[in-house]
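Peer 1: Listed here are the chains, written in short residue letters.
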Amino acid sequence: MEIDTVTDSRTLKVNDLLKDIRIDYDSLTNLVDDFVSSIKESIDAIPDDFKVTSELAPSFVSEIGADKVEFNFKKPNGFSLCGSYSIRCMAKPDACVDLLVHLPKECFYEKDYMNHRYHAKRCLYLCVIRKHLLSSSSVEKVEWSSLQNEARKPVLVVFPAKKLDQFPGFSIRIIPSATSLFNVAKLSMSRNNVRSVSADGVPQPTPTYNSSILEDMFLEENSELLKKTFSEWKELGDALILLKIWARQRSSIYTHDCLNGFLISLILSYLATHGKFNKSLNALDIFRVTLDFIATSKLWERGLFFPPQSENRVSKEEKMQFRELFPVVICDPSTLVNLAFRMTSVGFQELQDEASSTLKCMKLRDGGFEEVFMTKIDYPVKYDHCVRLHLKGKPAVSVSGYCLDKECWRIYEQKVHSLLQQGLGDRAKSIRVVWRNTNQDWHVESGLSVLDREPLFIGISISSIEKAFRTVDIGPDAENKLEALKFRRFWGNKSELRRFKDGRIAESTVWETQQWTKHLIVKQIIEYIIKRHLSLSADDIVQLVDQLDFSLIYGDKDPMSTSGNLLQAYEVFSKCLREIEGIPLKVSSVQPLDSALRFTSVFPPEPHPVACEKIDARRLHKLLPSCIPTMEVMIQLEGSGNWPIGDLAIEKTKSAFLLKIAENLQNVEGIPCTATEDNVDVFMGGYAFRMRIMHERGLSLVKRDIGADPVKQVSSIDKMLFIRSQHASMINGLQGLFPTYAPVARLAKRWVSAHLFSGCLAEEAIELLVAHVFLTPLPLGVPCSRINGFLRFLRLLADYDWMFYPLIVDINNDFGRNDEKEINDNFMASRKGYEKDRQNISSAMFLAAPYDKASEAWTSTSPNLSEQKRLAAYARSSANVLSKLVLHEHNDSVQWECLFRTPLNNYDAVVLLHRDKLPYPRRLLFPSELNQGKHVARGKASTAFNPFLLPGDLKRSHEELKKKLMVDFEPTKCFMSGLQEEFGTLKPWYDHIGGDAIGLTWNKHNSKV
Amino acid sequence: MQRKKKEKTSNVELSELPQAISSEKTKGKKVELKKKMQKSKRKVEETSSSPADGKMQKKRKAKGGNVDISELSQITSEEKIKGNKSKLNKTKNKRKAEEINSGPVDHEDDHLKSEVDGDKGSSEDVNADMASNETETRNRNLKGKSKKSNKKRKTNRSSTKENETSSEKMNETEEEKDVYQISSGDEDCSKGMKKWVTDYYESRPGLDELQKRIDDFMTDHEERLEQERKDREAKAAEGGWTVVVHHKGRKKTTDPESGIAVGSVNQTALEDQVAKKKQSEPVAHGFYRFQRREAQRNEILALQSKFEQDKKRIQQLRAARKFKPY
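Just so you know, the protein sequences line up as chains A and B, in that order.
For what it's worth, this note's numbering labels the leading residue of the first sequence as 1, then goes sequentially.
For what it's worth, this note's numbering labels the leading residue of the second sequence as 1, then goes sequentially.
Hints listed in this document are in silico derivations from the structure and should not be mistaken for laboratory results.
Computed from a prediction, not measured in an experiment: that's the story for all the values here.
Certain hints may be false.
DSS-like mimics (lysine-lysine), calculated; alpha carbons at most 30 Å apart, straight line [to be verified]:
#, chain 1, residue 1, chain 2, residue 2
1, B, K311, A, K869
2, A, K832, B, K306
3, B, K311, A, K955
A few chain B residues that face chain A, going by a derived Cβ cut-off under 7 Å, partial list only [as the list claims (entries may be wrong)]:
#, residue
4, E299
5, L301
6, R313
No residue lacks a Cβ here, since even glycine has one placed at the ideal position from N, Cα and C.
All chains should be modelled from the sequences, with the hints used to inform the complete structure.
Peer 2: Below is the structure:
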């Protein structure tokens, strides 16, 4: 490889990728040749002329609707290798080689193209082959599969007895081909060949059915065509491999109604034969040109037509006909068959979207290699709202037969899609309905009726949160009778006539719900529509929306529902502060620091009746907690030159100011306060606020010195306050921009602490990670649901390459080239020690934010490398479980709880706390239980503390009651600090939100010091 | 990996136990514990099953060994009694652990575990070496104990120190029960919840009291400053001259004592000005040919260095086998 040709790192990476993904044909060829010849042998050994009847697969034949399927067996006309193996473009881990078996003409009658007779015979023929292959010694097993999920066209997958470690899962797919079996004129698109397809007694054309047969008839020719284009053009082959990798990573386009390997190679070869590729282009360029073609070309509207090989030119009418019948047309050189006949318009739309988003990725500064080729985009991470319909044993699916022009499952897909589209309207950006109903363990002998076992999958991308959360959908005006009737028919009882503010009277649907359950509106709608129109029961509809919400519930509701009060109290409080007279320096600004004030706290404080200016005795009867968490608020004072020097003196002066403020509030406004030497807490409207003063003098220096020289004379306390205030305002802005940000951040925090990582990953760092998910969503869209956002957070944590890349969170898009260079330099400095010693790096997670380009704020000391790896391992496992839950598992709440239930066997010792002594017992997710290890000690619970105010306390005077209320008292924290004091060699793992377990591990690093 | 480790350690435990018990009777605790540790270390080295990476492991073991010893001194000093007990409990403990390992483990947990272990990588061997040590920790930290256990234990320990012989007997009886009982700590306020609650109330003596404390501090502080100033002046008066210290860097424009700008220009304002000046140069970039050439050259250099960096990174990536999109 000459260095000149390699222009950037992306090309380097792509070359490496290709090297890894290509298959070594030298060693594979032997394997394939051996196996193919043994397959041929055993097929050739089948005696001719014995009678084949439907006995071999009776239910398949009857359910497909065919009759007169008996034939005398003849040996195949021949065999030929086709597919990606024959053009040497296989991409690992795919190790399946396609073998065409040419069906002999003698087995078929002239009219067998009618009424699925061809399909039935084709299947029976395979049954015979299978029976004989099974008895061969060189064959390990033979499985059934289907061609592009089309159940009426089964194929055989044969696994050899002899295996090579080099090619795991190597198999040969036996595909029957039907070259010139039938008269092609009879199969033209406008003809009806399935008699039962008729409307009012008039037979309707069966284009899909005809295409299905024609496809088999031209399999050989098309495979020859591909061979011709791909031989002698290495770059084209490489581009095909790249495209395959790209498509395989995107499950939403690599499906039966969209793209497959064959179609990709067809598109490539179309572009090649039409001279779209210069011979000098490299594989990546071809890749890009192809994507650009897919995303933007106008040719799709006219259809792609290969140059016809014979005289018969495609007439305009024929082209028009293809266009009318199929959303996408790729017509082969025979001019008779549209090879993209399975593609739906929704699938194609999806394909175009993916292609254009990939092109966007490739314009990223680092070339987007990771995003384009390495990121798995499966359904759970792609769609905001996933739904599974369990249709097993539902006769409605196949009420008019399994196979007509299209198969019943495809028709059902369409039906569900159009229903949802109508029901959701502009709430959904795109809706994808995919029913991958033929799977590995299907046997044709068991017929088509069993093909409804897999659930039907619906993926919905939300267009925008505002639209999705809308409570009223306005339909047609009442005067427009026809439309109104339609609307009523669709919505049934749900539609009501309403008069709107602008005087309009219109049909409408209203989805009433509480503020904090608005994300469930889409769920309500879907459930209503599906129940109404598909008559399914609620058990058959699994919607993945609110399954994680249990982790955020406090008592019986989401504590977010009271955060309106919280903000109000804060506003009043900050106004009070700014209006205080009688202190030497006036308060110039008040800023929130606590995450509750930006909606990202897992449990924002609940209003406490005791923490008020005036205690309302009527509200004192409930079970009241005896602890109240504080929320930090940052205060800035007017500038002054009279501040003392020295950190300690400054801090003391700050305390003095705070005490003065507190005194003032207490005496003038009657707002109760409490204070220690370091903290001053104010009770206001049921909440406790903790005041912090930032000293302005440090500020101007902080601004410039961030990242450069942290020592200077800025006190670290002021610096930290400054950073926190910057962080708070930025995150606050972000959560306003993305309404799902806050719940996702809360879920992420809950997850991290539930797995006892509270000591490793700061809450702010989690907020930044989640911010990254929202700010740099490519190659996906911005997440619009909790589960989706949470899954992406987990994947980010699991897959991000922390060792080699800094994570840059560019909140306001204000990083320029120089900033990036600075960050990169800082990052490289933190990785300097890596070459020598893999453990020797500072900040295992490098998080750069606009206020912190050197990752000093949150992740400089923890997590360390081993903690980060542990985190990643946990995240990977949780992400896998979550994806599985979205795709397959039944909706079992225990399974979902597993995501937050941490295994306690990964520690050297575990301490279980007395659950009734936790300050906020309702925050506990699950009571931890140990059923392993040895129980060595049991402690008696102290009587000194009770998490709830006792009835006796409630009877006391209000002043005493206020004293009883403990501000920011956390026994767990006290215990942790005691633990660390006495046993420095133990590393504790804990949950700061409210867990009852503490894991302990032997800390090797500390012990060396 | 986990399995292997357990087996290894259990081997050590079993073979070492009779010796340990016999020595227990005769020798002083401190010495004995140390000896045992060394013995077990040797054992591990001998029993290390795979000869292929034997050398590597040994090397690491040696490292681990050092750590052990350094820790040991810490541990032995305060963990005399503990050592005894752990020995006795150890076999049981281990056997149990093995059972758990072989038993049906929750699938997810298992998965997690293996991944975590895999990630731990090289440190695992050290870990294995320390297993004998670890069991002590395990005992010391009491699986499934109450929150105050550690601390309670300490207080208990100090009381038992005096009558060691009796405590040993006690330990034996405890072993039957297996579960160590810890008091709630409500009686004495030196540890535990009671202490924390008391601390909490003590730290809130009321606004006036706090104000007084701060005032005291301030007067103290000022007095100290005054004193320092006086000292300085006295020193200066004594010799009749002062040492002029050369200040590195630019002249300060703010008086450090008062924070007031002394010079006519504020430092920050000045620097802002300078920065602004730099930005708006009289001639736009790329006006002169030399500028353009320079810019071009710089860009090429930057690109080259970036390219080199990328190459290095890819090599690292390749080493980490990152090019597998499946």
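Peer 1: So, for every hint listed, does it hold in this structure?
Peer 2: Quick rundown of the hints versus the structure:
no. : hint             : result
1   : B:K311 to A:K869 : 25 Å, holds
2   : A:K832 to B:K306 : 16 Å, holds
3   : B:K311 to A:K955 : 74 Å, violated
4   : E299             : 11 Å, violated
5   : L301             : 13 Å, violated
6   : R313             : 6 Å, holds
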